[in-house]
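Each chain, letter by letter, is given below.
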Amino acid sequence: MSSNNQTTVIVRTVVRSVVPIIVLVAIGLLLQGHNFPGGGFIGGVLTVTAFALVYITYGAEYLSQNLLGISDGSVARRETQDVLDPDEAFFSGTVGRYSAVFGLGLALAAGGGLGAIAFGEPFLSQAVLYFDHIPVFGVIELASALIFDLGVYFVVVGSLLTILAVVGNE
Amino acid sequence: MELHTIQTAIVAALIVVGSAFLLVGTIGLLRLPDVYNRMHATSKATTLGAASIFLAGFVHFDAQAEGLSSLVGIVFLFVTAPTGAHMISRSARKMGVEFGLGEQWPSRSADDGTSEDADTE
Amino acid sequence: MSAIVAAPLLVALGGAIGCLLMRSRPRLLRGVSLLGGVGYLLATVALARAVFADSDAILVYYLSGWQAPYGITLVADRLSVIFIGLTAIVSLAALWVSVRTIDASGQRISYHALYQFMVVGITGSFLTADIFNLFVWFEVMLMASYVLVVFHSGPEQTRAGMQYVVLNLLGSAVMLLAIGGLYATTGTLNMADLARRLAEPAAYGIAPGPVLGLTGLLLCVFALKAGLVPFQFWVPGAYQAAPPPVTAMLAGVVKKVGVYAIIRLYFSVFAVATIPDSGGLSVVAGEPFLVVFGGVILVMALLSILLGGIGATGRNNLDELLAYSSISQVGFIVLPLAVAATTLPGDSLFRAGVLATIVYAIIHGFAKGVLFLVSGAIEDHVGTLEFSQLGGISEQAPVLSGAFFVGGLTLIGIPPLFGFFGKLLVFKVGVEAQNTIGWIAVGATLIGAILTITYVTRAWERAFWGPPNEFVEELTVSPSVVAVIAGLAIIIIALGIGFQPVYELANGATSAVIDTDAYVRAVLGPESAHAIGGGLR
Amino acid sequence: MQPDSAVLLAVLAIPFVGAALVPLVHRVLGERTAYYAATIAALCSGLLISQYERWGTVTVEWIPALDVSLVLYLDGLAFLIGLLASGIGVLVFIYSGGYMHGEPGQAKYYTTLLVFMGSMLGVALVVDLLSLFVFWELTSVASFLLIGHYQRADRSLYASRKAMFITVSGGLFMLIGFLLLGHISSFVLDGSTFTLIGTEQSLIGIPGEVTHAEAIRHELVERGLFVPVIGLIAIGAATKSAQIPFHIWLPDAMEAPTPVSAFLHSATMVKAGVYLIGRFRPLFVPEHVFAAEVWTWLFVGLGLATMTIAAMLAVSATDIKELLAYSTASHLGLIVAGFGFAETVGAETGAFHILNHAAFKATLFLVAGIIAHEAGTRSIDALGGLRHDMPIVAAITAVASLSMAGIPPFNGFYSKELLFDAAWETAHHFGGLTWLLPVVAVFGSIFTFLYSIRFLWLFFGDRPTELGEIHRPPLAMLLPAGVLAIIVLVLSLGAAPIAHDFVNPIVKSSLIATPEGYHFSVHLPHALKPPVLMSVVTIAGGIAMYPFYDRLHHGIRRLRSIALLSPNQYYDRGITGIAHVSDVVPRYVQTDLMRTYAAVVMSAVSVFALGGYLLGGTGTDLTEAVSGVNLALPITIILAVAVVGALAVDRAPSHIAGVLTLSILGFTVAVFYVLASAPDLALTQLVIETLVLVLFLLVLDRLPAFYGELRRGRAILDGLIASGVGLTVTITVLVTTAADPSDGIAHFFVEKAPVPAEHGTLITDAGGGNNIVNVILVDFRALDTMGEISVVAMAALAILTLIGMRNRGERA
Amino acid sequence: MTVASETSVLFDWIVTGGLLVSAFVTLLSAYRVIRGPTVPDRVVALDVISTNVVAIAVLFAIQSDKGALVEVGLVLAIIGFISTVAVARYVIEGDIIE
Amino acid sequence: MTTVRKWPVIGFVLAIIWLFVRGITYEPMRFVATMLVGLPVGLAIAYLTRDLYGESIDLWATLSGTPAAIRYLGRFLWELLTANLDVAYRVLAPSLPIDPDVVAVPLRVESDGAITTIANSITLTPGTLTMEYDDATNTLFVHAITGNNDVEGVLAPIRAWEDLALVIFDEEADPADPAPEWPPSGGDDGGE
Amino acid sequence: MTEVVLAIVLGALYALGTFLVLRRDVVRVVWGVTIISQATNVYLVTMGGIHGSIPIVSHGGGGHHAVTDPLVQALVLTAIVIGFGTTALALVLTYRLYQEHGTLDLQELATTEESQ
Ligand code: NA
Ligand code: NA
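In order, the protein sequences belong to chains A, B, C, D, E, F and G. For the first sequence, position 127 (counting from the first letter as 1) is numbered 126 according to numbering that gives the first Met the number 0, and the numbering increases by one without interruption. For the second sequence, position 101 (counting from the first letter as 1) is numbered 100 according to numbering that gives the first Met the number 0, and the numbering increases by one without interruption. For the third sequence, position 314 (counting from the first letter as 1) is numbered 313 according to numbering that gives the first Met the number 0, and the numbering increases by one without interruption. For the fourth sequence, position 729 (counting from the first letter as 1) is numbered 728 according to numbering that gives the first Met the number 0, and the numbering increases by one without interruption. For the fifth sequence, position 27 (counting from the first letter as 1) is numbered 26 according to numbering that gives the first Met the number 0, and the numbering increases by one without interruption. For the sixth sequence, position 120 (counting from the first letter as 1) is numbered 119 according to numbering that gives the first Met the number 0, and the numbering increases by one without interruption. For the seventh sequence, position 80 (counting from the first letter as 1) is numbered 79 according to numbering that gives the first Met the number 0, and the numbering increases by one without interruption.
If we strip away everything but chain A, and leave its shape as in the complex, we get:
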């Protein structure tokens, strides 16, 4: 691994153990945002910082290929990027995947808003569904705002990963 001489096993081991916890906390923040501090934005940024930790300690290749499972890592071909079609790196490679995420996030947020119009409500109207008498849970409260927050989450994750990947590879 190229980052061997950059970080010690100590750091890598610690990072390995805290990254899932950070993601866990991030998702917690995302889900609880409606009732407690948090929300899509903070959840998203925290998720990305977890990835950033991996990126810093393990390198970009590891992050995109091993962890996020993007097989076509343009990063790997960075050295030869100039001879390749330069566009491809930005569309089908890692960066392309990352940037698709924020597009989807926006679509989710806006699409949820448009959903309201389908129900005859103004754009971005939110509703809450209460399900009573559910076993174990009692009352489940499903806020449509969660979809919006999820959109925000993906926008943040996609954008920040894109920024990190592009700037980091410079």
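Read the hints as simulated data drawn from the structure, not as lab findings. Quick caveat: nothing in here was measured; it's all calculated off a predicted structure. Every residue gets a Cβ at the ideal spot worked out from N, C-alpha and C, and that includes glycine. Keep in mind that a hint or two might mislead.
Stated by the list, open to error - Chain B stretches covered by chain F per the calculated footprint, using a threshold of three residues with CB under 8 Å from any CB of chain F:
#1 9-15
#2 44-57
#3 78-91
#4 94-104
Said to hold, decoys possible - Stretch-level coverage of chain E by chain D, calculated; a stretch enters the list once three of its residues show a Cβ under 8 Å from a Cβ in chain D:
#5 36-46
#6 72-82
Got chain A; can you put chains B, C, D, E, F and G with the ligands on it based on the hints?
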């Protein structure tokens, strides 16, 4: 009532201890002669100080939602703080920050290219 | 409440998101983008029909279903619709030129999404009735424009882009400061609510004195967007750096957002406010806020007309010349407002002034649209816009040159082109004022117009006449691009000869500006407005 | 009898429609497009002639909202100008068929020329001032394009720009005058109008029926606008009609193809100015006054000065077209002076000379074109003895130049005689210095005589040896000149009946009210009245001085070369001067120096805000604000840290130190949010802070160290600016925190917020959340959030673009 | 009641004192960030500040009886670690010229 | 062998942490409800980040280290306390009683977890700070605040940590094995 | 007092930020903008009153402090995020600027262009 008072007392004590160690860590940060020695103070005292205050939070908020995340916080601090200190001190040496009190790097480390840097400084 | 209000905004947003999702399929991407442009035009037409169907229509849309002033409200009245209409036409034309001239990989990387986002920001700014939401749309518009200005990412672009970005970041901070202050002093963010409160400050525990200072702070931001002196610094660099269709949008539409905001806020919302007798200098105590606005705008307009005009006359680069011209022209645009501010909204002179500004703003949108698109078409083929490298274009590209000629003449104000009526109305306001500010306005317009003749003829003779340059001799512009540009030029001619309906539209928009009371009633409900001046005064 | 509105409108529309079709026609007809154009001109003339003496008004609504209509008014003057435009048009188009043979850009040429003809007809027929202005400016634009016809030649470019600059600028002055009149009319008439004459609701009124002029004049005088309005209109007229000192564009305009010179720059367009003066005369010249003070002295002075100086300049000319150009200016001066005289025969002078000048000068221009075309030179010195080669042309020239010289019995004599009469009578009436008027008139006329004879002498005298072979002119060129010469002859020989029947209504157009039984007439002198004596002096003086022509020629040239006396120099210096001043802008304003930009912008921000607080008051006693809530000590400390951090950033010795120091600020702001009970903010602030830090580091990693030394003077200045901004913000904070509006919208959220979900409040029911901040973000103000995430997405796009588009900036 | 209120007064004092100390300590650490002298010194000091922020968050949570802020403290701790790692990795090992 | 795939285990652990993060109430039903959310979230995260860990885990071996782990924790807490008192003393004492040096600590433990645990423990114990780890020689370099006088004093507690860690992490080496020498004699990478 | 201290602090932050914006070094200019925008956010929060408690309601719990204006917090959140986006852009632009021109000195940037 009684229980509550004891709980309050524990919280107060933890806060006092925590604040004290935060202060100690910072004084160390200011007083100690170089970054390596300063890190002794910060990695121990400051971490313990913060952990102590986390613990105060745990006691104060019972063992429910908020309290439990205090515990996670404490664990997190103990895992990450020394790692951070390790990274910083390692990097400091790599970039050639000299030891302030004549510390010597243990000799013989042919394969550790960075130690050469430290030696040549 | 009518969902049609949000239609242009949603179409543009859909276009932007669509472009983001289609990045890996270039053909589809262009298709989505163009579809977005056409859809935007159609949505605008639908909105315009709804607004103009009833002469007093102020359509209100409460987003998320929250009543004003608690949620964000979109309002489409005749003023906003006119500006959206301008946006629809210019942006579609520039989009078509973009598709034909921006390099393919650039279009794929981000161009279309950014372009659509810019339209989103512009549209949101025209529609929103919430000052903080206005900030957000400004940022959306700016962010897109930042990137589009530096799009080609070369030395000139990065340098100009840096200036543009930094100045506008400062502007954004100042805007937030002002919005925060206005919120703290008035307790609201909704423009209608703001108007209602400022009209009756005592009833809402508001001290109107500090509001004047805050409006001064806010004015800086709009002046910065509009490129008025002393906030014009970014204009020449950014205009030259940006890809030509973007420059057409920046000059044609984005600047108008600043102008629109000045009209909407300063000549409708804040126009109802009066400086308290107790506070401030006794000279202006008890006077309407407008007195101060007028003075400030007058100074900015005069400086802009002179600096831009003089700056343009000596330039040796077509884009640069046009950029300076934009500074000057925005001076003309806001000049009538200064005259209008010498009276109150009920006065006919006030109406004339606001009307002249609206008309001139629209004119300038079309004129600069044509001029920058022509210069872009030339640059696209010749590779430079330095006069020393140009010449004889009219021999090679007569239709394109004709469009430029029409655009240039309309800037000067040659009748019966659309531009004539801009000059005419500005002169008219100045003449009818029969006061010092009016005469100053007349004089400034005259000097500015003469400078315009000077630089337009210079540009024409350096670039379009004269012996053809070797590069120019091979100039071949895509027929569809020429057609689009010629179409805009024909609009300029048609709107001049058929000025009567344009006048009526602008007059309707002016009524919308003047009748703050109706705006407040429409947004906040019938019983909300009490003693707001506006139409009643 | 009223004119036929359809016909009159057709006269106006046909040229424009015809022009629009030229590109198509040219494809079919090629060079014969000239005859197509001539046909259109002939059609217009025919239609116009069919309306002879059907004087009256036709109104078409255009922009009622601005009180602007297309008002066509046909009377003698309009008929004359219209006839000149279309009639001479026919001849010029035919002539062009020969002259333009083989020239490039013919489609453009005929299009523009037809547009010009239409515009000129518009100027003639339209009396709504704003509509008239439309055509007025269009003639300038057409002139610009035609002067620049040889667009590759620098001199053409110079000339066209000069003409455009002067005439269009002048037009703008005039427009202001028009607008003032329109504005004034609203106080006098039922509503504002821009119609000058011919309708009930017009500035002058219907001649002989209603007279509004008096009231308008009164109102203008009352408001102190009388002189300005006349002055503004005079500038428009003077620039168009090449009056001193605006005459300078006319000689340069000779760069245009000669048919254009004949048409626009002698017979028609330059007549627009004098036409307008004639048109306005009834508005500004009251009945039965010997001098309408402002009007008379302005126009008589302007006219006589132009007539004299331009005639002298014509003597100094070296080029035949230059000579004719100055001559044109001079004769236009004569017309202007004529219209200037009030009670005497001023109107008669102006009206008659418009006709006479158009006839002989158009002839001479066509002759000049023939000479240039056939002899290959326009230099006066290089020409001579042309009668041998072109006898017919010589005859034509003889007729026209003798008319120009004012020699009886040619028509030019009659109008000159009228001028002398008017000058003499006026001098006689006022005495004193006004005796200069007849003296100047005679003096100027002597020069007119001199250059006229000189022009004629091109055909006589010796043929210079170096003059090469000279061809016979083609019929297409000869015919129009011949026709015009015949017209001159007809005007000369039939002067009396023509004046009686044809010129009379023209004259009436410039009179406010025609006295009972008035009828214009001219006849050869049968008594030795003063004007006749003046003519005798003129001709005698001319003959006496002709031998010294060359010395005069050189003398005037020397005078011309004195920069101080040359309006051309002022123009040139003005234009280059503007360019120089223009360079100041990029050099001192748009310096590309960010510091300047930011300094000015931030200073302006301070001035705007502080000015506002100063003018509007701060609404509260600022000292009162001091006694507020107690500040918690921790917050104070944290704020102190923030300031210390920021200060340290200012003084940071390196980029990295600065970035790390900047983080102090970030952390303290986060603490501030914690202490302000804003956990969402604290969280967001910290995650953002961290991300920004990482980004800073990633970027700084690739940047060199650069800090820039800080000079003391600069630091002090910047410190002052910064302090100004700081003061602004401090005051802003003070005044706004002191504010306490009632019933703010925050209460809505605050009141609803603390209610537990179970209780079912507005927010918890609909928004479904207990973190009201988040509910606001995703629900109340979800649109803000939509915009916010758009910005975030664009930030990613920005970085993609900046990196991805690099090296692609230079497009193929 | 009085005992309780006295206790609570004392308790409030202690919590406020803790806040004060944390704030004060932040100020002191800022000195080290600013003065350095080496970059690692600054980084260490910044790390201390971020830990202080965690403490402040928890203390304020106790003071205002808002448990949600404790979780803020947890997140702050996470973020603090990330920034330390990032700084150590890029500042010190990077090519940034001091 | 009780080897199982690792990510479900991690997922379960994460679900437990989820309980801590989200909080539990004394109502059992709410506990179950939280767990019902936590498990899918935890498992999902564990699955997505599975590449960070090894493929599988020997559950039994891991669990059997628990007593040692508890002892380790106890020791750790004690050391932590003394460490802080020690630091407080040194920092606050006017004479600033420090005399630091760097000590090399060759390790017997070889697993990542063990090395990391020891390294971090060192930092949290009195007077020592892990500065560097050398892969090739499996050696920690420890900055000791009083190391100049007493290298053995520095090493002793570390060896104690290591003994426990060898058990906890199921290492091949035995606590009874002698500690490696420093400087290493001979070795694959070539002497002094 | 609160207001005065805050006012002075915010004024100082703006002044210090402005001073940085006027420097030759692009990086410093970006810092300046960052400081100004931070100060602005603090100002906005201040507008909601700095005393009080969180606007979050735990189930069944209720605050007894005056509540901080939640609206302002939402606004500032939006502003912070937008500010992040623009800062990121400014940073990368700085980097590109250096790549294109080989300098971070704004003064040099202005003068080199003039001489061309
Ligand atoms: Na451009
Ligand atoms: Na360009």
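For each hint, the structure was consulted:
no.	hint	result
1	9-15	violated (count 0)
2	44-57	holds (count 3)
3	78-91	holds (count 8)
4	94-104	holds (count 5)
5	36-46	holds (count 4)
6	72-82	holds (count 5)
Consistency note: the structure conflicts with earlier hint 1 alone.
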